[in-house]
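> Listed below are the residues making up each chain.
Number of protein chains: 2
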Amino acid sequence: MATSDVIISRIESAAEERGLRVKAMLVGSAARNTWLSGAHDLDIFLGVSVDDDLGAALELAREVAPQHVEKYAEHPYVHARIDGFEVDLVPCYLVDDASHLKSAVDRTPFHTRYVESRIAGKEDDVLLLKQFMKGVKVYGSELKVGGFSGYLAELLVLFYGSFAGVLQNASTWRPGLCLDPEKHGTVDHDEPMTVVDPVDPGRNVAAALTRDNMLLFASSARSFIAMPKVDFFFPPPVIPLSDEELEAQMAARGTMPILIDFAAPDVVEDVLFPQLRKAESSIKALLERNGFSVLRSDVSAYRDRAVMLFEMEVWMLSKACRRMGPPVWQADHIPRFLAAHPEPLSGPYIIDGRVAVEEARQHTNARDLLASEITKLSVGKHLSVSICRGHNIYVGQDLLGIRDEGFRIFLAEYYRERYQVG
Amino acid sequence: MATSDVIISRIESAAEERGLRVKAMLVGSAARNTWLSGAHDLDIFLGVSVDDDLGAALELAREVAPQHVEKYAEHPYVHARIDGFEVDLVPCYLVDDASHLKSAVDRTPFHTRYVESRIAGKEDDVLLLKQFMKGVKVYGSELKVGGFSGYLAELLVLFYGSFAGVLQNASTWRPGLCLDPEKHGTVDHDEPMTVVDPVDPGRNVAAALTRDNMLLFASSARSFIAMPKVDFFFPPPVIPLSDEELEAQMAARGTMPILIDFAAPDVVEDVLFPQLRKAESSIKALLERNGFSVLRSDVSAYRDRAVMLFEMEVWMLSKACRRMGPPVWQADHIPRFLAAHPEPLSGPYIIDGRVAVEEARQHTNARDLLASEITKLSVGKHLSVSICRGHNIYVGQDLLGIRDEGFRIFLAEYYRERYQVG
Numbered sequence: 208m209a210t211s212d213v214i215i216s217r218i219e220s221a222a223e224e225r226g227l228r229v230k231a232m233l234v235g236s237a238a239r240n241t242w243l244s245g246a247h248d249l250d251i252f253l254g255v256s257v258d259d260d261l262g263a264a265l266e267l268a269r270e271v272a273p274q275h276v277e278k279y280a281e282h283p284y285v286h287a288r289i290d291g292f293e294v295d296l297v298p299c300y301l302v303d304d305a306s307h308l309k310s311a312v313d314r315t316p317f318h319t320r321y322v323e324s325r326i327a328g329k330e331d332d333v334l335l336l337k338q339f340m341k342g343v344k345v346y347g348s349e350l351k352v353g354g355f356s357g358y359l360a361e362l363l364v365l366f367y368g369s370f371a372g373v374l375q376n377a378s379t380w381r382p383g384l385c386l387d388p389e390k391h392g393t394v395d396h397d398e399p400m401t402v403v404d405p406v407d408p409g410r411n412v413a414a415a416l417t418r419d420n421m422l423l424f425a426s427s428a429r430s431f432i433a434m435p436k437v438d439f440f441f442p443p444p445v446i447p448l449s450d451e452e453l454e455a456q457m458a459a460r461g462t463m464p465i466l467i468d469f470a471a472p473d474v475v476e477d478v479l480f481p482q483l484r485k486a487e488s489s490i491k492a493l494l495e496r497n498g499f500s501v502l503r504s505d506v507s508a509y510r511d512r513a514v515m516l517f518e519m520e521v522w523m524l525s526k527a528c529r530r531m532g533p534p535v536w537q538a539d540h541i542p543r544f545l546a547a548h549p550e551p552l553s554g555p556y557i558i559d560g561r562v563a564v565e566e567a568r569q570h571t572n573a574r575d576l577l578a579s580e581i582t583k584l585s586v587g588k589h590l591s592v593s594i595c596r597g598h599n600i601y602v603g604q605d606l607l608g609i610r611d612e613g614f615r616i617f618l619a620e621y622y623r624e625r626y627q628v629g
Numbered sequence: 208m209a210t211s212d213v214i215i216s217r218i219e220s221a222a223e224e225r226g227l228r229v230k231a232m233l234v235g236s237a238a239r240n241t242w243l244s245g246a247h248d249l250d251i252f253l254g255v256s257v258d259d260d261l262g263a264a265l266e267l268a269r270e271v272a273p274q275h276v277e278k279y280a281e282h283p284y285v286h287a288r289i290d291g292f293e294v295d296l297v298p299c300y301l302v303d304d305a306s307h308l309k310s311a312v313d314r315t316p317f318h319t320r321y322v323e324s325r326i327a328g329k330e331d332d333v334l335l336l337k338q339f340m341k342g343v344k345v346y347g348s349e350l351k352v353g354g355f356s357g358y359l360a361e362l363l364v365l366f367y368g369s370f371a372g373v374l375q376n377a378s379t380w381r382p383g384l385c386l387d388p389e390k391h392g393t394v395d396h397d398e399p400m401t402v403v404d405p406v407d408p409g410r411n412v413a414a415a416l417t418r419d420n421m422l423l424f425a426s427s428a429r430s431f432i433a434m435p436k437v438d439f440f441f442p443p444p445v446i447p448l449s450d451e452e453l454e455a456q457m458a459a460r461g462t463m464p465i466l467i468d469f470a471a472p473d474v475v476e477d478v479l480f481p482q483l484r485k486a487e488s489s490i491k492a493l494l495e496r497n498g499f500s501v502l503r504s505d506v507s508a509y510r511d512r513a514v515m516l517f518e519m520e521v522w523m524l525s526k527a528c529r530r531m532g533p534p535v536w537q538a539d540h541i542p543r544f545l546a547a548h549p550e551p552l553s554g555p556y557i558i559d560g561r562v563a564v565e566e567a568r569q570h571t572n573a574r575d576l577l578a579s580e581i582t583k584l585s586v587g588k589h590l591s592v593s594i595c596r597g598h599n600i601y602v603g604q605d606l607l608g609i610r611d612e613g614f615r616i617f618l619a620e621y622y623r624e625r626y627q628v629g
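Chains L and R, in that order, are what the protein sequence lines are.
So the first sequence is numbered by the working numbering: it starts at 208 and just counts up by one.
So the second sequence is numbered by the working numbering: it starts at 208 and just counts up by one.
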């Protein structure tokens, strides 16, 4: 008897003992034989009537899996390790239509039923597609990845008929694509790609997919068709960057890496990563507004740390800079401008119809600017607290001091950035 | 008998001897007692009937002033030094209406007559205004200056009634101003300031005035009214910049001056300066297109040299730079892009919907870029020839090697750039 069946009957007996009406269901990829090896997850949902309370179902889950940890998405659920499987026991409502949800997880059983009844004979196509997406790093709808969910991969196989059909079609995708398998879409979505949920006409299954990941998948599909290689599915593992490699990269690129490192706030990745990305773009804007230039940047989290890396094209500036004042005919504003710039290096003079002065810049290097401004930037709440509590700024050779493997893997991926082009 | 009268009667007798009909006229500021001390110029025009030929009048001018040099504007004319005056003898046609010219100089006698008959009692206002304009460096309609002509200064005094009236009104000028003393303008001009010529309804007397010079005059007027000082009329002379001052400026500003120096082509300033300015803006665009940053730039000509100075905020860049390729869905263009960038430092990767690579920059410093590209830039014809024949690029401390006083005055004016703000 399969582990999932054992758990499900345990739940059902326990419910019966307590006189509860609970329907236990295996959902997700395990339910339709489309899970990837290495990911031994069982998602078992505990459905209750929409008039009942999820609390009783949660109680039941705790009892069935005594060695559990409690987690929380929109509602609390139970996670446990049973017979070598990572098992999630998730209370949900048994709604009668996927568009009448009481909670976000209530949709999942509908997805399972929709795919289950159509996928027979195409399980291998789904597995190939998921592994391909994983290999080219676009698998997962969590915000850290911004890629394709397992359900989306299944729908694509159903829509295009096979793994090969998906790749063939994807190779010509462009932003604005809309697929509607049940031809019942009711809403215009403005995401780069729309796949109307067959069980919920108002929902875009591809909402989390970023434009660049959509296009990375498209170009990978094209490259794979031109020259199929097993590397697309199983790329060589990333080796942490050594000291020598880091020094060689810095020498060859002649750029200046600046790293901001701080304690990762204690929040899930779906909260952390959007805040990290927002902070990354605020900092990039701060640097460029002040005349510095960022070649590329990236963020990561490893162990209990969060980092933001800015690779600088221009990290030092002249002392003198120009400050533009009001148009010459706004006579009232000029004295105020001049008073605010009392010791110009040159000027005031008139240029482009305005009064201007040249004065000494407050920060002539990017590190000083960051050190002075970073705690004043508007970034996400959790990040802001963490950064204000303490942060390190590493510049150039300083990076050699961070020996953590997670960090060195991040650096290796950063410098080798390369998409599959055959 | 005044020198001009002597010359005029000499011309008239010579004409009579030859049986020519030539009308000699004193025009310009000497004709209406509005010339500035130090500028002892006499402009005498030799008018011939529109059916006659200018050649006979030129012949006459040569005869009257045996020690002359011949010059050329639209037509040839004669320049000579007579009794301590710089005298121009200019052949022109006696047209019956200033809007029916045969040659550009034919309008001048009309200007003289228009002003002569109205200026009595306001000569001192004109002199004050001209000297004020000279002091704040906006006097002269030649293209090197881009300022106010003497005739324009006279018209302003007539229009606003006095020197004080001009300053009072000018202090609130803004671009788009249009004055039409005779209320007969027929054309919309798009220059920053329009003063319709009282003797030619289609002409803008202020056509040569740049926006920034118009506004510099306006703000100087405002400052003078707030706090009148003799410095506005007679600013302290510019002292050539010494080696120590140049080094102090470079240290305080932390910028990098780059100077391009070459033999000035043998053309008049009205041809040279527009070409210099055009080259200046082409070079600035080249530098900024390649990631460098120019704080300010200027051009000059002294002795037989022409120079362009670029004061750099950013003059060194990282080796690595990003090259953006086609959108990912333009599959046909991608192989060509990748072939053109065969040895990327990072990538290809996808960003903003496009394929991109990072590769080594050809020129990581501004000097090398200029040295490599300057002869390929599209600049004015005369300049292009001169630059291709030979040029020097001086960077930073190299500038100390140029000891020419004209150059050091240019540098002093460049660094001290400052308009009159009381």
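Keep in mind that the hints were calculated from the coordinates and are not lab data.
Among the hints, a few may not be true.
Since the list gives no way to pick out one identical chain from another, each pair is judged satisfied if it fits inside one copy or across any two copies.
Heads up, simulated SDA-like pairs for lysine to any residue below, C-alpha to C-alpha not over 20 Å straight-line [stated by the list, open to error]:
#, residue 1, residue 2
1, K485, I558
2, K526, E495
3, K491, D290
4, K309, P283
5, K344, D419
Here the structure is a predicted model, which means the values were calculated and not measured.
> A separate judgement is required for each hint: does it hold in the structure or not?
Here is what the structure says about each hint:
1. Proximity of K485 and I558 under a CA criterion of 20 Å is satisfied inter-copy only: 17 Å between copies versus 36 Å inside one chain copy.
2. For a Cα distance limit of 20 Å, the shortest separation of K526 from E495 qualifies both inside one copy, at 16 Å, and across copies, at 19 Å.
3. In this homomeric assembly, K491 and D290 never come within 20 Å of each other (Cα to Cα): the closest approach is 48 Å inside a single copy and 70 Å across copies.
4. Taking identical chains as interchangeable, the C-alpha atoms of K309 and P283 lie at most 20 Å apart only when both belong to the same chain, with a minimum of 14 Å there against 94 Å between chains.
5. Within a single copy, K344 and D419 get their C-alpha atoms as close as 12 Å, which meets the 20 Å cut-off; across copies the closest is 56 Å, which misses it.
Consistency note: the structure conflicts with earlier hint 3 alone.
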